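Visitor: Each chain, written out:
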Amino acid sequence: MILSSLTKKIIISLSGLFLLVFLALHLVLNLTAICSREWYEAVCEFMDTNIAIKLMVPVLVLGFVIHLAFATAFEFKNWAARPRELKYAVATHTKGVSWSAKNMFVLGIVVILGIVLHLFNFWSKMQLQGFLGNEEENAYDLVVNLFSCKCFVLIYAIWIIAIFFHVQHGFWSAFQSIGLNNSKWLPRLQFLSKVYAWIILIGYLSIPICFTLGLQCS
Amino acid sequence: MKFTLKVWRQKNAKSKGRFETYKIDNISPDTSFLEMLDILNNNLVHEGKEPVAFDHDCREGICGMCSLYINGRAHGPDDEITTCQLHMRKFKDGDTITIEPWRSAAFPVVKDLVVNRRAFDQILQAGGFISISGIVPDANAIPIRKEDADESMDASACIGCGACVATCKNGSAMLFVAARVSALERLPQGKIEAAKRAKSMVQKMDELGFGACSNTQACEAECPKGISIAHIARLNRLFIQAKLQD
Numbered sequence: 660m661i662l663s664s665l666t667k668k669i670i671i672s673l674s675g676l677f678l679l680v681f682l683a684l685h686l687v688l689n690l691t692a693i694c695s696r697e698w699y700e701a702v703c704e705f706m707d708t709n710i711a712i713k714l715m716v717p718v719l720v721l722g723f724v725i726h727l728a729f730a731t732a733f734e735f736k737n738w739a740a741r742p743r744e745l746k747y748a749v750a751t752h753t754k755g756v757s758w759s760a761k762n763m764f765v766l767g768i769v770v771i772l773g774i775v776l777h778l779f780n781f782w783s784k785m786q787l788q789g790f791l792g793n794e795e796e797n798a799y800d801l802v803v804n805l806f807s808c809k810c811f812v813l814i815y816a817i818w819i820i821a822i823f824f825h826v827q828h829g830f831w832s833a834f835q836s837i838g839l840n841n842s843k844w845l846p847r848l849q850f851l852s853k854v855y856a857w858i859i860l861i862g863y864l865s866i867p868i869c870f871t872l873g874l875q876c877s
Numbered sequence: 054m055k056f057t058l059k060v061w062r063q064k065n066a067k068s069k070g071r072f073e074t075y076k077i078d079n080i081s082p083d084t085s086f087l088e089m090l091d092i093l094n095n096n097l098v099h100e101g102k103e104p105v106a107f108d109h110d111c112r113e114g115i116c117g118m119c120s121l122y123i124n125g126r127a128h129g130p131d132d133e134i135t136t137c138q139l140h141m142r143k144f145k146d147g148d149t150i151t152i153e154p155w156r157s158a159a160f161p162v163v164k165d166l167v168v169n170r171r172a173f174d175q176i177l178q179a180g181g182f183i184s185i186s187g188i189v190p191d192a193n194a195i196p197i198r199k200e201d202a203d204e205s206m207d208a209s210a211c212i213g214c215g216a217c218v219a220t221c222k223n224g225s226a227m228l229f230v231a232a233r234v235s236a237l238e239r240l241p242q243g244k245i246e247a248a249k250r251a252k253s254m255v256q257k258m259d260e261l262g263f264g265a266c267s268n269t270q271a272c273e274a275e276c277p278k279g280i281s282i283a284h285i286a287r288l289n290r291l292f293i294q295a296k297l298q299d
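Order-wise, the sequence lines are chains A and B.
Going by our numbering, the first sequence opens with residue 660, and the numbers climb by one from there.
Going by our numbering, the second sequence opens with residue 54, and the numbers climb by one from there.
Calculated directly from the structure, the hints in this document are not laboratory data.
Since the structure is predicted, the reported quantities are computational estimates derived from the model, not experimental observations.
A few of these clues could be false.
Straight-line alpha carbon distances no greater than 27 Å define the calculated DSSO-like cross-link-like pairs of lysine-lysine that follow [said to hold, decoys possible]:
{"#": "1", "chain 1": "A", "residue 1": "Lys746", "chain 2": "B", "residue 2": "Lys296"}
{"#": "2", "chain 1": "B", "residue 1": "Lys76", "chain 2": "B", "residue 2": "Lys145"}
{"#": "3", "chain 1": "B", "residue 1": "Lys244", "chain 2": "B", "residue 2": "Lys164"}
{"#": "4", "chain 1": "B", "residue 1": "Lys199", "chain 2": "B", "residue 2": "Lys143"}
{"#": "5", "chain 1": "B", "residue 1": "Lys278", "chain 2": "A", "residue 2": "Lys761"}
{"#": "6", "chain 1": "B", "residue 1": "Lys278", "chain 2": "B", "residue 2": "Lys244"}
{"#": "7", "chain 1": "B", "residue 1": "Lys199", "chain 2": "A", "residue 2": "Lys667"}
{"#": "8", "chain 1": "B", "residue 1": "Lys67", "chain 2": "B", "residue 2": "Lys222"}
{"#": "9", "chain 1": "A", "residue 1": "Lys843", "chain 2": "B", "residue 2": "Lys278"}
{"#": "10", "chain 1": "A", "residue 1": "Lys667", "chain 2": "A", "residue 2": "Lys746"}
{"#": "11", "chain 1": "B", "residue 1": "Lys55", "chain 2": "B", "residue 2": "Lys164"}
{"#": "12", "chain 1": "B", "residue 1": "Lys244", "chain 2": "A", "residue 2": "Lys736"}
{"#": "13", "chain 1": "A", "residue 1": "Lys746", "chain 2": "B", "residue 2": "Lys244"}
{"#": "14", "chain 1": "A", "residue 1": "Lys667", "chain 2": "B", "residue 2": "Lys257"}
{"#": "15", "chain 1": "A", "residue 1": "Lys746", "chain 2": "B", "residue 2": "Lys143"}
{"#": "16", "chain 1": "A", "residue 1": "Lys754", "chain 2": "B", "residue 2": "Lys102"}
{"#": "17", "chain 1": "B", "residue 1": "Lys55", "chain 2": "A", "residue 2": "Lys667"}
{"#": "18", "chain 1": "B", "residue 1": "Lys222", "chain 2": "A", "residue 2": "Lys761"}
{"#": "19", "chain 1": "A", "residue 1": "Lys667", "chain 2": "A", "residue 2": "Lys761"}
{"#": "20", "chain 1": "B", "residue 1": "Lys145", "chain 2": "B", "residue 2": "Lys55"}
{"#": "21", "chain 1": "B", "residue 1": "Lys296", "chain 2": "A", "residue 2": "Lys667"}
{"#": "22", "chain 1": "A", "residue 1": "Lys761", "chain 2": "B", "residue 2": "Lys257"}
{"#": "23", "chain 1": "B", "residue 1": "Lys257", "chain 2": "B", "residue 2": "Lys67"}
{"#": "24", "chain 1": "B", "residue 1": "Lys102", "chain 2": "A", "residue 2": "Lys736"}
{"#": "25", "chain 1": "A", "residue 1": "Lys853", "chain 2": "A", "residue 2": "Lys761"}
{"#": "26", "chain 1": "B", "residue 1": "Lys143", "chain 2": "B", "residue 2": "Lys244"}
{"#": "27", "chain 1": "B", "residue 1": "Lys257", "chain 2": "B", "residue 2": "Lys296"}
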């Protein structure tokens, strides 16, 4: 069955909205690392053992896979509609068009690469070891060790900035694509989009900053 | 005023095009852009050269025929106007002006600056009409909310020039389709088939090789009639409604 471009866009939007909820929840859980070692370890223990969380893991993976697969198909169709040989000789910046709106796919690739690195750094040393019957590494020690490396902090910051730009457009764009928008709500949704993106940026960046500067309460 | 013009020249749809450079002077600041091209063509004819082919008709900004990409912008360096309403006073004396045709896989170049926009007609044929049968009361006898009539009128302002497609990085015709769907949906006669219309017009748009919308808002920014992307949200709503009815 060949899906129309709009069906693909709606699927990208719905999976994107699901991932936005996950991103916000993940942030709340991560911020406990700044507050207390005990809290963070308790959160990790809860995430590791709670049955509802375990059931949500494959749903989350599916959300990412669907979002990525449909976004890739969507992008290929758009490249075919405006191939390289049909680029304009003179291109100017169109007023009101954000940089993130024009670069969602590239930003998405950076986000995915960051997720792969994140899974390698945390998931493979914690949950995966649990599945394999090996001893899991301590989550808090992993955070401390990783953020003691300035190079990793820089890579992490680039990743979070890519997420910031991606969600800044993705948030309101998802509502637009599923039809939950009109001329009154467009500026409101774009404002909420910016607020959400800034919360994500400041929230996630505050963790390496606190650990690098030793501001965390351990 | 004098200008250096870099104009896209292409013999036919199959040949490879290239830019030709022409010098033009003695142009009044009050000359319209198309009149300036007329003067250029007169000069070319006097020199025994082939004139530049470009689309134009009403020259009043309502027919949607003129379709030039001037210095990197659809319809040139002014907001909410068509090429025919653009005047040379918008440029500086001695400027180099690059003139290109609309670029999109769905709008192939016919000759020089003329593109084939028949795809828009095909989209309209797929559903841009009202086909309800039976005795329909006179339009003026049906009460319509002022807000709905205004929205329909705003959407009806679309002249089908294709600037949205030309500007969109994906070559998407969503603003055009949304304007046509919205204009009819806001009125009682058009509401009945609104969902079905949205689905068939989107389907046709895909078939004809247009890209998909990624909500960059470039189409709205360059639309000579200032059609809002809020109409695209309505199209999306109607499309979902149609899919749920399938």
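Visitor: The structure should be examined with respect to each hint, and the outcome stated for every one.
Guide: Here's how the hints hold up against the structure:
no. : hint                : result
1   : A/Lys746 x B/Lys296 : 34 Å, violated
2   : B/Lys76 x B/Lys145  : 15 Å, holds
3   : B/Lys244 x B/Lys164 : 40 Å, violated
4   : B/Lys199 x B/Lys143 : 37 Å, violated
5   : B/Lys278 x A/Lys761 : 23 Å, holds
6   : B/Lys278 x B/Lys244 : 23 Å, holds
7   : B/Lys199 x A/Lys667 : 35 Å, violated
8   : B/Lys67 x B/Lys222  : 24 Å, holds
9   : A/Lys843 x B/Lys278 : 19 Å, holds
10  : A/Lys667 x A/Lys746 : 25 Å, holds
11  : B/Lys55 x B/Lys164  : 26 Å, holds
12  : B/Lys244 x A/Lys736 : 31 Å, violated
13  : A/Lys746 x B/Lys244 : 39 Å, violated
14  : A/Lys667 x B/Lys257 : 16 Å, holds
15  : A/Lys746 x B/Lys143 : 25 Å, holds
16  : A/Lys754 x B/Lys102 : 38 Å, violated
17  : B/Lys55 x A/Lys667  : 50 Å, violated
18  : B/Lys222 x A/Lys761 : 8 Å, holds
19  : A/Lys667 x A/Lys761 : 18 Å, holds
20  : B/Lys145 x B/Lys55  : 9 Å, holds
21  : B/Lys296 x A/Lys667 : 13 Å, holds
22  : A/Lys761 x B/Lys257 : 25 Å, holds
23  : B/Lys257 x B/Lys67  : 25 Å, holds
24  : B/Lys102 x A/Lys736 : 40 Å, violated
25  : A/Lys853 x A/Lys761 : 16 Å, holds
26  : B/Lys143 x B/Lys244 : 42 Å, violated
27  : B/Lys257 x B/Lys296 : 15 Å, holds
Violated hints for the displayed structure, listed by number in ascending order: 1, 3, 4, 7, 12, 13, 16, 17, 24 and 26.
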